[in-house]
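Asks: Got chain A; can you put chain B on it based on the hints?
Chains as they are written, first to last, in this note's numbering: chain A, 1 to 332; chain B, 1 to 332.
These are computed hints drawn from the structure, not numbers from a lab.
No experiment lies behind these values; they were computed from the predicted model shown.
Note: identical chains are not told apart, hence a pair may lie in one copy or across any two.
Listed next, the in silico DSSO-like pairs over lysine-lysine satisfying Cα-Cα at most 27 Å (straight line):
1) Lys307 with Lys111
2) Lys232 with Lys65
3) Lys300 with Lys167
4) Lys199 with Lys232
2 protein chains.
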Amino acid sequence: MLQNKAYRLRTRPQGTSGHDHFEFVSEPVGKPRSGEVLVKVLYLSLDPTNRIWMSDIPQYMEPVKVGEVMRGLGIGRVESSQSPSLKEGDLVSGLLGWQEYAIVDARTVTKLPDLDVPVEAHMGPVGMTGLTAYFGLLELGQPQAGETVVVSAAAGAVGSIVGQIAKIKGCRVVGLAGSDDKCTWLTKELGFDVAINYKKEDVGAALDKACPKGIDVYFENVGGQILEEVLKRVNLFARIPLCGLISGYNAERPVPGPYQFPQLLMKRVRLQGFIVFDFVQRFPEAVHQLAQWVREGRIKYRSTIVKGLDKAPDALNMLFTGDNTGKLFIEL
Amino acid sequence: MLQNKAYRLRTRPQGTSGHDHFEFVSEPVGKPRSGEVLVKVLYLSLDPTNRIWMSDIPQYMEPVKVGEVMRGLGIGRVESSQSPSLKEGDLVSGLLGWQEYAIVDARTVTKLPDLDVPVEAHMGPVGMTGLTAYFGLLELGQPQAGETVVVSAAAGAVGSIVGQIAKIKGCRVVGLAGSDDKCTWLTKELGFDVAINYKKEDVGAALDKACPKGIDVYFENVGGQILEEVLKRVNLFARIPLCGLISGYNAERPVPGPYQFPQLLMKRVRLQGFIVFDFVQRFPEAVHQLAQWVREGRIKYRSTIVKGLDKAPDALNMLFTGDNTGKLFIEL
Chain A
1 MLQNKAYRLR TRPQGTSGHD HFEFVSEPVG KPRSGEVLVK VLYLSLDPTN RIWMSDIPQY
61 MEPVKVGEVM RGLGIGRVES SQSPSLKEGD LVSGLLGWQE YAIVDARTVT KLPDLDVPVE
121 AHMGPVGMTG LTAYFGLLEL GQPQAGETVV VSAAAGAVGS IVGQIAKIKG CRVVGLAGSD
181 DKCTWLTKEL GFDVAINYKK EDVGAALDKA CPKGIDVYFE NVGGQILEEV LKRVNLFARI
241 PLCGLISGYN AERPVPGPYQ FPQLLMKRVR LQGFIVFDFV QRFPEAVHQL AQWVREGRIK
301 YRSTIVKGLD KAPDALNMLF TGDNTGKLFI EL
Chain B
1 MLQNKAYRLR TRPQGTSGHD HFEFVSEPVG KPRSGEVLVK VLYLSLDPTN RIWMSDIPQY
61 MEPVKVGEVM RGLGIGRVES SQSPSLKEGD LVSGLLGWQE YAIVDARTVT KLPDLDVPVE
121 AHMGPVGMTG LTAYFGLLEL GQPQAGETVV VSAAAGAVGS IVGQIAKIKG CRVVGLAGSD
181 DKCTWLTKEL GFDVAINYKK EDVGAALDKA CPKGIDVYFE NVGGQILEEV LKRVNLFARI
241 PLCGLISGYN AERPVPGPYQ FPQLLMKRVR LQGFIVFDFV QRFPEAVHQL AQWVREGRIK
301 YRSTIVKGLD KAPDALNMLF TGDNTGKLFI EL
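So here's chain A without its partners, still in its complex pose (with noise of 0.2 Å):
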């Protein structure tokens, strides 16, 4: 009989999340039923969600329950079929979990689109954080050839995917990062023109200095200081496209807000949250988009890829210490 190793939610975490919160089961696969599909787990994507969805704290899908297989968003293999829209062999990306074998409704995950690129863009520049960049920036962000956009953890998933579009776009591009090679990567290959290590420069003179003309759209991935900085030095109607705050994910006690908070009054910003799933109708417009830009080469990729399922606890951290360059995801 198949065995599917999985985690599952043991405890809350206050603070960073790690082995302790997890239960790591063997246990028997059950057969699909008629409309479920059999998966076998082949990336499970690491994000920062994935530490909101731990907590019980107001979020944007449920928590995870305490007892229930981690959530997370992998690409897999279709091993067997109970429904005519998939078939043995199928690649498919969904919400599989942190797990070796899915069983899950078909309707809930999406064929592997054709689109000349390999898998692995399809975890990173064509998949959800490819997305997530494309539209927050382009919907919300709406930048305008000519104008500044600052993105923050620029060289995460997301943001490389930001700055190259908006270059794409005609923007002067700032990227925040928090290494020298991460720096190197963004303005030597992904055509940044100024990328700020964070960590070890002073933000707000960096940013003056990479933004004589102010800062039009903000991609903000991270909140704390790096928004303050930037609120102080945003253009009049500005937007700012909030897609993360990972600074707090892992706080203990409440944060507060940022202490610039007056200038989307002042500047009259337009400051936005969304998630990717807001989109879902547009996604096939999107992704053959951004394959033709990672056909043509004018969207780069890195990942950061992690081997073996055991490892996903330890791993989820790396988005929060910077450890990663580009996607981070588990080869099961």
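Replies: Using the frame of chain A, we list chain B on its own:
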């Protein structure tokens, strides 16, 4: 020779402003040059923004310079004109300043349109505060019939109009105000569904009761604790027109942004700062609509009129203590 009395800014206040921060001067009135008009000031609007203009902080206009006549919106009568566009006796509105006579470029004031409403209404519902309510609510808030609209400082010049427009648009309307009398005015006369006395009631519990279907639009005038409680209760895709943050204007040290800031992400809220002048091209259409509602009795208003220019510094503080209902202005 005609003498002018004027308040000039003497020093910048830390915290609450008052007489000490102004110099009350008497000085000869000059003569209008070509293109200018001499205006006798009849009414001076007192608005929270007056306090902002006194501080050297980032803001949407230059702060008033020390030594300058205090900036203020007003209505006056043209005494003599060196411009073909205005003639003696015309009533005009514009930034006339805290003084008895103003000499201004004729292009910077607007002749009061003939709307068949009392002059007093030009200081409120069909003036800048009415326009602020109109554009902030309708353009940024985009309320839909059946949605729940919450407004803070609801018995103020802007808030009272916001609530009535929201009622006209078929919304459930909940206002927050600082006295039982104000709350009674809101529900009994203006048609608000619920009014909450935020000084007496538990705001969170009162909002829970008043907004059983959550909050779709929050018209923000105050910031602080009310914003926190609202953010806990916003619906998915809520809109927050950010009109003012008066609770912080007298602060002596930096004020943190809302602890509930991440709710903007989780609930995919659109928060947008604005000032009425962003919509100047569309003032005519809005003024006529507002005047029609006033004439039809669908928008009611109150004024708190303080007599005498010399009362202006003290009267301004009524906005912060909540001693006004509706539009506060000085009658000279």
